[in-house]
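Asker: Taken in order, these protein sequences are the chains called A and B.
Numbered continuously in numbering that gives the first Met the number 0, the first sequence closes out at residue 242.
Numbered continuously in numbering that gives the first Met the number 0, the second sequence closes out at residue 268.
Hints are computed from structural coordinates only; laboratory data are not their basis.
Each statement offered as a hint is correct.
Derived pair list, reagent style DSS-like, types lysine-lysine, alpha-carbon separation capped at 27 Å:
1) B:165 / A:77
2) A:77 / B:175
3) A:77 / B:180
4) B:207 / B:73
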Amino acid sequence: MNGQDASGAIRVAVKRKIFPAVGDREAQLVLQDIAFEVAPRSFLVITGPSGCGKSTLLNIIAGLDRDYEGAIDLGPAKDGVTFIFQTPRLLPWRTLYENIALALPDGDPRHAEIPAMLDRVGLREAQNAYPEMLSLGMQRRAALARGFILEPKILLMDEPFVSLDDPTAASLRELLMDLWRRHPTTVIFVTHDRSEAIQLGTRILRLAPGQASVAQDVAVTLTDAQRHDRAAVLQEQSRIFAI
Amino acid sequence: MAPVSTSTSSIPRPARALGFNSTIERFAWMAGSLLVLGLFWHVLAVVLQNRYLPTPVAVFDIMMREAESGELWKHTSATLARVAIAFIFSMFIGTAIGLALGKYKTADKFFDAWLTLFLNLPALVTITLCYIWFGLTDVAAVVAVALNKIPNVAVNMREGARSLSKDLAEMAAMYKFGSWKTLRHVTLPQLAPFFAAAARSGLSLVWKIVLVVEAFGRSNGVGYRLAIAFQEFDVGTILAYALAFILIVQIIEFTILQPLQARVSAWRR
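Bound-form chain B, shown alone (with noise of 0.2 Å):
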């Protein structure tokens, strides 16, 4: 029999229920619901006749065109990429912060209201600052969205961290479980369920604050465009750059988050 801390373990997994009839039936409400919406813009445009509320038709024509001209990808692909990076440094460096204040209580103690103080900082203030001290640079923008979310999953980490079971740290240690099968076994999957909340709202949180990085000192990404569209007050583009990324981060929600969140929590009752 194969030891059971190798992944390749040979210990038979229970099928895990996906409860595929309960996603189609979220993804047709959804759907519904964002057809009625769509209707009443439509509708509300058409009756209203005005220039600055464009139809949902025109919208995706002009999405349509800049997605030809190779423009939407283009300003996509780079904001997607900020997301990326400030995401991964800013869940990376809040989860040891927050681990670390969970665990020393003086630290904690210390540390609470610089915390505070961080998660009530504007984002636009970390924004400024960061351009005004180390320039105009991708580097400052990424720093300026993960001074912005690392309190944030702090916070929530050392929440986790606080919450462990002393039950199965005294079980873990009766039963020799040692440094690694302690952290992989008992540890971690008690953390798991807080690092995945951090993550779908670290998510949301990091992508509008890159489009405000953008907006004011980058010059390329989704929020560089929709500042110069707001210089024309074209409001078609703003909408057809804005639907363009809700989609792509909607999709990144539904293929990777949700089934993270759902895999580390499939022993619960």
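So that you can see chain A by itself, here it is in the shape it has in the complex (with noise of 0.2 Å):
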């Protein structure tokens, strides 16, 4: 693909993604004609029940993956992608501090940004301890202040906050929010949680199961305070997914 536009959006083009058969298994289509754009600045979730496909077009789209038959155009933005993982994927031998540091090039002048993020994330007292010292939250907490000091034009997240309690899964969602209205940078974001879509995203795409392909694209059209009012949110989750 090329001719970049002005837009700058991201075009998506799988036409065919299989899994090769290992051993008695045999081979998977886990993706099938699968295109869209995303705008640049927004917020695009990618949801569906686990299995369908969505962390696999991440991947595709990150360009971890390249065994897929189509074409990714990342546009002007593509050299400032950023991938958080569905673990914190922090070095367990660094301190959270030097985590976030090597994110950046050596003397890059943003190394005196971090401070001021730690504080962001809550995570300034933390800072000289060792990943594995500390709980989940605050790990994948550290996770976003890493994607999120190198100011990334692009952000992939693949299911960055499961195996999270509640309270903890939902400050952090707060916490990405804010991180984004600083930072407004394009998202594509992977969740199976429903109310969670709905909750960050400003357009949502629902992957099929079983037909590995796109059942459903949809803008959300709540307003940031909306965002936080629970009701609000279930109101537009039970509207985009009675579907």
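Reconstruct the complex from the two isolated chains, following the hints.
Answerer: Next comes the structure, spelled out in structure tokens:
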């Protein structure tokens, strides 16, 4: 795909993605004919039941998985891509501070912003601790800080808040919204949690189970204030997921 | 803020708990149990009154006599030099081989049989063959010792290379670490525990083989001295040299290898 347009949209076109046969397990068609564009600074949530191929799709967009038919065009922002993984993937032998600092090139002026970033995610006190000494919630916050310190133009997130208790997950979502408002960036966020999808996304892409294709592509019409309102989120959720 | 990849980084490191009290307790237990062993030995020697079982005091006297004449230091330093060279040599080559086998599957399939062969080759065979092929020289001695240790290190490091995390490699690629930063902050820390384990088991293996090599074909070193003492059935000297060298190896273990291992695993919960 050539000729990047001025709009800077991300174009995803996956014709086919197959998991090859391994042992006595047959080859499996994971994704088929998935095509969409993502407007700059939008927050796209890809959702669907587990096993529908949403993480695979994100890995393809990130360039971590190159074994597929189709084309991904990240546009002019392709050098500013950051991935926040399902697990924090911090280096256990480096402190939180070092983990965040390592994401930046040596001598980068943004090193000076690390303390402020640590304050924002509430980890200033824990900056010299090793990740394994901290709770999963704190590790995930550090992973968010590491992603946002880079001021990415495109931020890909793969279920970054799974296996957390509800209050922790909720506070991390608040944190993400806060960070996203400070550094507006294009986000593609994968989750199977419907209310999380509604609360965070400006647009939702539902993958259909079994068919490996897009079942629904819909805009979320909530204001920032409504996103904090449980009832409004639930109402929007029943509107979107009723189909 | 200084970049993180300089050793003089201004990022404050947490104070590492050295477990001072637990160290003292460990030493107390060790001293106590060795004292009991020594007493047992002494009682046995006094009861048996056999010239082939001298008392610990007699052995200590021999050790002092050898130390004063300079013989003890002459032989232990010769042995230490061979141990050091063989150790460094085999750690270096074994690590290189192990990492290559861990990384390249085809090479691993091919050389696995060689590795098994060398792992099971008796030290005595490599030693005699090295002396026959390369002559009774120090080079032959060191090569023989290294050949015994290299497969051991290689197996350890191959395990380390195989267990490298794909998750962290992906993370490093995504966050554009580049090859130097990836090596220093992602790859080497994962290999360090395997290296430390290989080093610790390596030292004990290497010094035992060095003694055999010296007994066979060198004219100095603790092994040579033990061989002479054996010809004279001089048990006192055998024990004096053995104990002196065990002491030296333990000092190396406590002052270098154990702190090294503690350091590379300080981040663990």
